[in-house]
Amino acid sequence: MVRTAACNYLIPALTLLPKPMESSLFTRNANLIGVLGITTTSSRRRFSSASKISMSLRAGIVGLPNVGKSTLFNAVVENGKAQAANFPFCTIEPNVGIVAVPDPRLHVLSGLSKSQKAVPASVEFVDIAGLVKGASQGEGLGNKFLSHIREVDSILQVVRCFEDNDIVHVNGKVDPKSDVDVINLELVFSDLDQIEKRMEKLKKGKAKDSQSKLKEDAEKAALEKIQQALMDGKPARSVTLNDFERDSIKQLCLLTMKPIIYVANVAESDLADPGSNPHVNEVMNLASDLQSGRVTISAQVEAELTELPSEERVEYLASLGVSESGLGNLIRSTYSLLGLRTYFTSGEKETKAWTIRAGMTAPQAAGVIHSDFEKGFIRAETVAYDDFVAAGSLAAAREKGLVSWLHYHEHLASYKYFHWNSYMLRYFFSLVENQIHRHLDYLSRRICIRFISY
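Counting from 1, one number per residue, gives the positions in the sequence shown under our numbering.
Check each hint, because a few of them may be wrong.
As the list claims (entries may be wrong) - The calculated DSS-like cross-link candidates involving lysine-lysine, where the alpha carbons are at most 27 Å apart (straight line), are:
no., residue 1, residue 2
1, Lys177, Lys234
2, Lys201, Lys215
3, Lys400, Lys250
4, Lys173, Lys349
5, Lys250, Lys197
6, Lys220, Lys177
7, Lys215, Lys203
8, Lys220, Lys208
9, Lys203, Lys173
10, Lys213, Lys225
11, Lys203, Lys234
12, Lys213, Lys201
13, Lys234, Lys201
14, Lys220, Lys197
Claimed, not checked - Cβ pair distances, simulated, as ranges:
no., residue 1, residue 2, range
15, Asn242, Gln116, 19 to 27 Å
16, Leu214, Thr306, 47 to 55 Å
17, Gln116, Gln211, 50 to 58 Å
The hints are simulated quantities; they were obtained by calculation from the structure and are not laboratory data. Predicted model, so just to flag it, every value in this text is computed and none were measured. All residues carry an ideal CB built from backbone N, CA and C; glycine is no exception.
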């Protein structure tokens, strides 16, 4: 059965990009017998399509061998156990770690609600073995490593920007542009090979009906555009595609379609003033030209920080001339690169951050917690995050007139607080009473007093 909570607050942390949802309330009335998951006496939790995003948010850490990928991974994960050694291919199988997304608002809300625990949003990081020139042709187990990249949602390309004679560089010298070009070229070659195979298969096949023909035509158009861009040395993500074309090629998981953050890995001495390092400037300029994200970090410093007690970390960073760790910025940048946003549920039991994609409407966002929230959504009480924190409670915010209503097709951009009550569900059923009258008594006996959490 659906469990209830005494009072939960859902508060988005970031502004969303508008993308209207096409579904409407009355297109689902025929299926209302399934609302609230009560079609049987032994109901089980069902996730909506929106909720699936929380299961597969992965960022792959890639780069040439010996650039600091595994060191960075271990620092990000803190308890990571990826092998980091001074020789190529010390990592073969990918290492995986779950990382919390830093957000001070989580703890503010937890304090206001006197929550027993706080659960942050998270991103999965994957440490993928180093790529080398010729990887797309199988060099250095390249085909295997490239297949690992296909499984992630975004790419963190670590670029070596430090000089150290004790650490071998596979190409004999530190050259960020060359390193970036090697990786990007292998991704392009791999995508070209996959596109050529797919186009050959489409030529041999024949669409069975008009709908299949339309889909094939869209895919062919998309592949031709992307193939030309790749031949010009441009990534697939630079190609303008309509929604139909973009959907038609999703199953290919093209490597150059994935968003990239370039991570300039510097020495401890460059951390306070990375702009003085010409290698860093080169990476920043390359990332800007490629319209990609960029972050400067010292993987070695971050690794050393994980060995220190939390109270000593600030002092250590201050001794290096920096005020905060670069990991928080890296994690937040990765989260943003994936097009993710956060909202919170908060109550005495826990305050929890939930992950949604930019552009989701309020019902879709509610569906991330439980599919029944999306299916039964009509409207929600809302209040801005700053107003809620200043007021100190929902009751105080309501007394000050800070609470307003968020309706079905509206987006979360301007709203920071969500509150579902049983009268909302009664309002929902009254709207469609004529169509589900024979089921109304059956459903109403099973409505929770407070339809907040599962």
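* Quick one, are lysine 234 and lysine 201 close enough, alpha carbons at most 27 Å? -> 24 Å, holds
* Asked: When you check the alpha-carbon spacing of lysine 400 and lysine 250, does it fall within 27 Å?
  -> Not satisfied, since the Cα-Cα distance of roughly 48 Å exceeds 27 Å.
* Are the Cα positions of lysine 173 and lysine 349 separated by 27 Å at most? -> 55 Å, violated
* To do: Could you check the hint for me, namely that asparagine 242 and glutamine 116 are 19 to 27 Å apart, CB to CB?
  => Violated, at about 48 Å.
* Hey, lysine 220 versus lysine 177, does the alpha-carbon distance stay inside 27 Å? -> 33 Å, violated
* Quickly compare the C-alpha distance for lysine 215 and lysine 203 to 27 Å and report which way the hint goes. => 14 Å, holds
* Asked: Given the proposed pairing of lysine 213 with lysine 225, does the C-alpha separation stay at or below 27 Å?
  -> 18 Å, holds
* Asked: Given the hinted pair lysine 203 and lysine 234, is their alpha-carbon gap at most 27 Å?
  -> Within the cut-off at roughly 25 Å; holds.
* Distance restraint evaluation - glutamine 116, glutamine 211, Cβ atoms, bounds 50 to 58 Å -> With a Cβ separation near 52 Å, glutamine 116 and glutamine 211 satisfy 50 to 58 Å, so the hint holds.
* Asked: lysine 213 and lysine 201: Cα distance at most 27 Å?
  -> 14 Å, holds
* Asked: Does the structure keep lysine 177 and lysine 234 at a Cα separation of 27 Å or less?
  -> 16 Å, holds
* Asked: Within a Cα-Cα threshold of 27 Å, do lysine 201 and lysine 215 meet the stated pairing?
  -> Answer holds: lysine 201 to lysine 215 is near 14 Å, not above 27 Å.
Hint violations for this structure: numbers 3, 4, 6, 9, 15, all remaining hints satisfied.
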